[in-house]
Amino acid sequence: MFEKILIANRGEIAVRIIRACKELGAKTVAVYSDADRSSLHVALADEAYHIGPPKPAESYLVKEKIIEVAKKSGAQAIHPGFGFLSENDSFAELCEKEGIVFIGPTPEAIRLMGDKITARKIAKEAKVPLVPGSDGAVTDVEAAMVAEKIGYPVMIKASAGGGGKGMRLVRDKEEFENSLRMAKSEALSSFGDDSVFVERFIEQPRHIEIQILADSHGKVLHLFERECSIQRRHQKVVEEAPSAYLTEKTRKKMGDTAVRIAKAVNYQGAGTVEFIMDQKQNFFFLEMNTRVQVEHPVTEMITGIDIVKWMIRIAEGEKLPFKQSDLKINGHALECRVYAEDPAMNFMPSPGILHYVKAPTGPGVRDDSSIYSGYEVTSFYDPMLSKLITWGETREDALKKMVAALSEYVVLGVRTNIGFLIRVMDEEEFNQAKIDTGYIERHPELLSEESPEIDPALIAAAVTMEHAVPETNNGNGKSTASNWKLLARRLGVSRNPLI
Amino acid sequence: MFEKILIANRGEIAVRIIRACKELGAKTVAVYSDADRSSLHVALADEAYHIGPPKPAESYLVKEKIIEVAKKSGAQAIHPGFGFLSENDSFAELCEKEGIVFIGPTPEAIRLMGDKITARKIAKEAKVPLVPGSDGAVTDVEAAMVAEKIGYPVMIKASAGGGGKGMRLVRDKEEFENSLRMAKSEALSSFGDDSVFVERFIEQPRHIEIQILADSHGKVLHLFERECSIQRRHQKVVEEAPSAYLTEKTRKKMGDTAVRIAKAVNYQGAGTVEFIMDQKQNFFFLEMNTRVQVEHPVTEMITGIDIVKWMIRIAEGEKLPFKQSDLKINGHALECRVYAEDPAMNFMPSPGILHYVKAPTGPGVRDDSSIYSGYEVTSFYDPMLSKLITWGETREDALKKMVAALSEYVVLGVRTNIGFLIRVMDEEEFNQAKIDTGYIERHPELLSEESPEIDPALIAAAVTMEHAVPETNNGNGKSTASNWKLLARRLGVSRNPLI
Amino acid sequence: MTYSFKLDNQIYKVNIEEDDSGVVVEISGEEYPVEYTKLDDNLYSIIINDKSFTIGTFKQGKQIQVFHAGNLYELEAISDRELSKSGAMGSGLEIISPMPSRVVKLLKSEGDTVEEGESVVVVEAMKMESELKALQAGTIKTIKVSEGDAVEAKTLLVVLTEE
Amino acid sequence: MTYSFKLDNQIYKVNIEEDDSGVVVEISGEEYPVEYTKLDDNLYSIIINDKSFTIGTFKQGKQIQVFHAGNLYELEAISDRELSKSGAMGSGLEIISPMPSRVVKLLKSEGDTVEEGESVVVVEAMKMESELKALQAGTIKTIKVSEGDAVEAKTLLVVLTEE
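Taken in order, these protein sequences are the chains called B, H, P and L.
Following our numbering, the numbering of the first sequence begins with 1 at its first residue and continues without gaps.
Following our numbering, the numbering of the second sequence begins with 500 at its first residue and continues without gaps.
Following our numbering, the numbering of the third sequence begins with 999 at its first residue and continues without gaps.
Following our numbering, the numbering of the fourth sequence begins with 1162 at its first residue and continues without gaps.
Here chain B stands alone, though its shape is the one from the complex (with noise of 0.2 Å):
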């Protein structure tokens, strides 16, 4: 049993460790930046240490000052979370070195599957799908025997591609070889370039991942799929837990493809297999995430398992209790990422102090939060501002709970994206589970509210009005009696609606 735990990290994951830690027993380490110093990681952890300026490269990812902290602290684990030193193998291996434990897999395991091509390797080694193609560079002719073999559509990618340059994709094979021509012509003069390779094209792809959990002797299990297809920049926002779209059939093929791939690399700890998927439910590898990821919550929900709370068990040495035949999925969960962004803005990211918050609750709500009133947003780090996450016996159930939690979420101060996330929960689509990676772009009506009711808000900014202290009071003889009134009625007898 650890007795100390670092959490390298901020924000709403370092709260949910913290808590997971203080449950086994453990004491916990909080470290942060000066921009954190009010962050509620701080707030909640036995123990706190500052690092450093705001920049995360001058703070929270310096390696030596939080095995500094870990040692000045007497932690003997470290925690990473999600992004900062998650997933960067030499922090895991320095940590081994300082005889401090890190909770995660093996360096090694870090390393094969940071690395985009190996991690390809891997999987088909492992005879995991990955999206049919050319496997690299192409001649014209391998191009166009590639293509036929794949079958149509296609996309052709420049090697050295990257932000749509040199893309082109093609639907029947009459365009191949214009579409081939243009395509090398714009990666030269893009890139200097004109190497090219060949992929199936997925239409309307679904993102449905795995979750891993395995222990360090060699047991490794799934916990069933979340589908995230609700994306915006790439960024899932919506996630859940089963997947609406699933067979059971393909639900167990999945799982057993992705704990192969986990025992490929002597996976332990927590991770996801992430697949891209297409309109027939065939599944291909896309990469495997070597740490906890955002939406865990929403898999802990229908399975019961706290994975937070396994993973530092898994490195503590313990045995996994259960086996596959075990886990059930149970209900369903919904999980919106709140942000602090305009949605009308193209999701503009929107900084700034939290004037007021009021966070749903009830149960089957679960709000992994780490903002509260007076809270600043800062441009530093991530501008989420929770997970609201919900569970019902059905997916409608946990839909309609989530429009409920959401309708009781107020957020003062910034812009955020809760009257779009309650739109997309309203959407016909959405509710049958028609959904793809391009839904939002598919929905652009969702973006902003289209009659918003403002009489009710513009008799609260009059209400508001009323109650006001008077700005200014200098004498100038304008307060009239009913100012005096109304502050009177502020100070004194707010509570009485009826005077």
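In case anyone wonders, no lab produced these hints; they're calculated from the structure.
Don't take each hint at face value.
[Stated by the list, open to error] Partial list, computed: chain B residues near chain L (C-beta under 7 Å):
| # | residue |
| --- | --- |
| 1 | A45 |
| 2 | E47 |
| 3 | A48 |
| 4 | S373 |
Glycine is no exception: its CB is placed at the ideal position from the N, C-alpha and C atoms.
Take the given structure of chain B and dock chains H, P and L to it, following the hints.
Chains H, P and L only, in chain B's frame:
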């Protein structure tokens, strides 16, 4: 489907029911007394109607007013919650007469179970065990024979009794005659009636109850037991599900027994059969509560069944879609009732304004409450502030989570039992589930903190003084430069701890 | 008391009056019986016609943020003096385009009378249509634009005369 | 700045000083390096010797409520003037029984010297023992009670002289 439901209650249970209605797509109608205009159930409902003065007898208990609001608002059904009109058979009858659905059992079932003597009779007929005894007043000779038959220790109780008068605990045969004489003489002088009855004395009894859910099509299920042995002044304070004490065999036997008694009165809706249990797992019928109970959440947490939603669906005529064998106990749940009361002063209620409230959150933590910063706890209603519920894979997990959650609670303005609850959770016997209804009396050391950590409190007080606005600033020249520096810091730069 | 608020570049007048029978709020000619209480410094429970609303508000100088059902409304309180300053925001007798937009529809013709709060012009900006309303009752004197016109921010669109 | 607080009828002096290296708080002779920030109007995050505490406080006039780890502390800020008024609450040189209680133990004898904050008498009230401490350093001049004595509230128990 009900389109609109009136909630004839207040406080956290009204909030709980409103949330369930919203998740079922029904509009909600709140009613409130003068003392409750600022209560959360009013704020959360879709509609709200004032029904009179603070005293329940002039508002929440006035059947006609409730019916009038239901008609005015167009509510098709009324959920009575607990307390108030929830076990009032004539109200249920009035609803029926007015064409409004009463969400609960039939008036007949309420009536039968509401009368203690009738309820005992029904239980006896349904072969439900009762505390062995004389079944009414007896002669001296009969008393001796009954005592002999049921075995010592026995209680002799005055038939007309109450408040401990005319009551004698007899531990062995030799004492019987003498005790009988004393009990009768005391009964005569206290009540003018010397008739007594004899009952087995249950040593260190546990309070264990079975949750019933029955639809209107004859299906009656039980949702396992709750243990509510931790009581003060015969009121439950800590509840849990399942009981750590029951064997699987007793659990099944109690469940079957509870279903039998519910069937005997054609029960429908949610109800609870309460039992007293001795140290050998013998259980005896106490009473049946024909409504939702305060502690229903622990059952919801371990079964995944939303009891309040099912009450509504059953009232709509829906069939229970699961059968007894589908129901499983999943993990362990605890509930602590947070009261505005002072355990050190014999749990005296402590009404007042809650100047500040910060409730705990996190995975597996559910806080069913209706309080907020600024809320006033009046002396008109029960001083319960919140029901804090935690769920864990094991009892130990739930317990540690409860300690962490209670420790996160902050309530300023009134005295609470939070510290007391933390001490109970940390206490050895409670940890080992060695509990009975005499637990709190047996542990007076838990009533107040033995060695409070006063230095952090004193530091916080000093910090508060540093930040306080000078109370008066009447130009007497006493403001020092230091005062102004402090004020400036408070107003402008309080977020930077380093200056 | 009457307050004027700017919201999404439209101006709204809200009149709130209190007498023995309670509070009445009037917006664009519509009257609402209102009953309210403060839950905490930033949260009001407001009952409008027996309907219950829980609304968060935050006021800083003339800026008022209102949060309701997932949506944040950013309002600016406009003083009478600012309101009557012609030009900048339009007096009660002028209808001004609040932002660069396109005139979608003219709902009135010259010579028509309009009520306070009645919609006069529909404009479209950022893919959203907004109705511009008369801030006081009057008669349409001049309409300075045609349907389909693209207009800059603060362009004078319609001039009214008092009745 | 030094503040005096009354808590459970005991008086505590708390000195809080701030310099370039940070804040130091001294209580009964013990020094704590302290670093604090306000989370909201009623909640402080206080780091004392690298240990983190989250403490709620509410001040109303001289009354300060502090909530920490499930426990509510009700303190009263005592001004220097009140503190020096001998009799009522005891000056720094007098140790007074805060409530009706029983003298359990005398920890010092006449003539002993005591440090500020050192315990001098143990009393028991409502089944709880409390240690009464010297509010300033000095020498024990007179002890007015014996072990086992039952005393009323505000009884003078021990008199000190300054060194």
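Hints, one by one, checked against the model:
no.: 1; hint: A45; result: 5 Å, holds
no.: 2; hint: E47; result: 5 Å, holds
no.: 3; hint: A48; result: 4 Å, holds
no.: 4; hint: S373; result: 5 Å, holds
This entry satisfies every hint, going by the numbered hints stated previously.
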